[in-house]
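**Student:** Sequence:
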Amino acid sequence: MARLRVRMVVTADDFGYCPRRDEGIVEAFLAGAVTSVSLLVNGSAAESAAELARRHQIPTGLHANLSEGRPVGPARHGASSLIGSEGFFLGKMGFRRAVAAGEVILAQVREELEAQLSRFRELLGRDPTHVDGHQHVHVLPGVCRVFAEALQACGVRFTRLPLERGVDGCAWLEAPARAFAGAVEQDARAAIGPFVHHGLRWTDVFVGLSTCGRNMSTHRVLEALTRALEGTPTGQAVTAELMAHPGYPSVPPLGGCGEGPDAFSCSSDRLHELRVLTAPALRAQLARDGVQLCTLEDLDRKRPREGAPSKAARETLLEPSPP
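Following this note's numbering, the numbering of the sequence shown begins with 3 at its first residue and continues without gaps.
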C-alpha cells in the first residue's frame, strides 16, 4: 500500500440520531479522523446536527432512511407500503423482507426519498454532498433504481457502493453479521447497473462492513484496506471510503428516529469506534502507507482518468471515481 496513491473519505453515518452521537462525530471531525458525515433527516437530533454541520463546516450528505423510525413524507398510518401498523418503517430486516416479497410500492419509495432530500435542503440550505442508505437500503433490488433516478433528478452524483473485498473471510464476524454483509454485497453488485445508467459515482474501493462497532481496530482497518487494494498497479491513484459509526452511547429516551435509540446506539460500540478513529496510531499508519484523508469535494475537483480501471476495481466491478 505504501507505493500507491490512496485518497480516502472517512464517512460517519447516523449524524442526527442523538445529541451524544453527534458530539462524538463532531469530535472526530475536528480531530481530522472523519472527513464527511451522513445525516438522518428523520433523526431526533437532525436540526441540532444541521446546526453543528453549518458551524463547523462539515461536508454533509444524506443518509437515506427507509427502515428505521417515522417517515419524513406525508404517508399516514396504514396508507403506505413502507410503514407498519404503528406508523413506523418496517425495520432493518422487515423492509428487506417486504421488498423481497414485492410488497413495497416503489412509487412510495420515490416519494419518501424526495421528501428526505427536500428536508435536507430545508435543514442545510443546499443539496447533499452525497446520498447513501441507512442500513444499506439504497442497494436493494428495485429500490436501487428508484434511488438512482431520484439522485440524478436532483443533481447529486456521489453515493456509496458497499462492496468490501474479502469480508466473507473475516473470522471475527459473528454468523448473522457475516450473512448480512454477504447479502449487502450481493445487492450492491446488482445495483451497479442502475447506478451507472443514472450517472452515479462512488469510490474505487469501500471498507467498513468488517470493522463495525467493537470489530473495529487499527489493524483490521488497515487489513481491510490492504485487501481492497490488492492487485492495484504500483503508482496507481485510487480512491477509497471507510464507513464509520463513531459517537458516545445514547441514553434513552433521547435518540433514534421516532422510536427511541436502538441497542447498538446505547452500547459502547460507538465509543469504541470513536477511540480507534481518533487515536494517533491509525492516522499515523495511514499516512505512512500513503493514504491521504480527504472529502468527496476533493475527489470531485479532478476529472476521471483516461484508460482502464485498476485490477482491484475490475475484480469488484466498481466504476472508478476520479483520482
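Do not rely on the hints blindly, as some may be mistaken.
[Said to hold, decoys possible] SDA-like mimics (lysine to any residue), calculated; alpha carbons at most 20 Å apart, straight line:
hint, residue 1, residue 2
1, K94, L175
2, K94, L295
3, K94, D264
4, K94, S83
5, K94, Q238
6, K94, A265
7, K94, R112
8, K94, E105
9, K94, E299
10, K94, I107
11, K94, S82
Calculated from the structure, these hints are not laboratory results.
Just so you know, these numbers come straight off a predicted model, no measurement behind them.
**Student:** Regarding the pair K94 and D264, is the alpha-carbon distance no greater than 20 Å?
**Tutor:** Cα-Cα ~12 Å, so holds.
**Student:** Going straight from one Cα to the other, do K94 and S82 come out at no more than 20 Å?
**Tutor:** OK: K94 and S82 at ~17 Å, within 20 Å.
**Student:** Between K94 and E299, is the straight-line Cα distance small enough, at 20 Å or below?
**Tutor:** Roughly 30 Å separates the two Cα atoms, so the pair is violated.
**Student:** Would you mind confirming whether the straight-line C-alpha gap from K94 to L295 stays at or under 20 Å?
**Tutor:** violated, 30 Å
**Student:** Quick one, are K94 and A265 close enough, alpha carbons at most 20 Å?
**Tutor:** holds, 13 Å
**Student:** Would the hint linking K94 and E105 be met if the CA-CA limit is 20 Å?
**Tutor:** Holds, at about 15 Å.
**Student:** Tell me if the straight-line CA distance from K94 to Q238 falls inside 20 Å.
**Tutor:** Measuring from Cα to Cα gives roughly 37 Å; hence the hint is violated.
**Student:** Run the distance test for K94 versus L175: straight-line Cα separation, threshold 20 Å.
**Tutor:** holds, 19 Å
**Student:** Checking one constraint from the list: CA of K94 to CA of S83, max 20 Å. Satisfied?
**Tutor:** Status holds; Cα separation ~15 Å.
**Student:** K94 and R112 were given as a pair; does the straight-line alpha-carbon distance stay at or below 20 Å?
**Tutor:** Roughly 18 Å between the alpha carbons, so the hint for K94 and R112 holds.
**Student:** Is K94 within 20 Å of I107, Cα to Cα?
**Tutor:** holds, 17 Å
Checked against the numbered hints listed earlier, the structure breaks hints 2, 5, 9; every other hint is satisfied.
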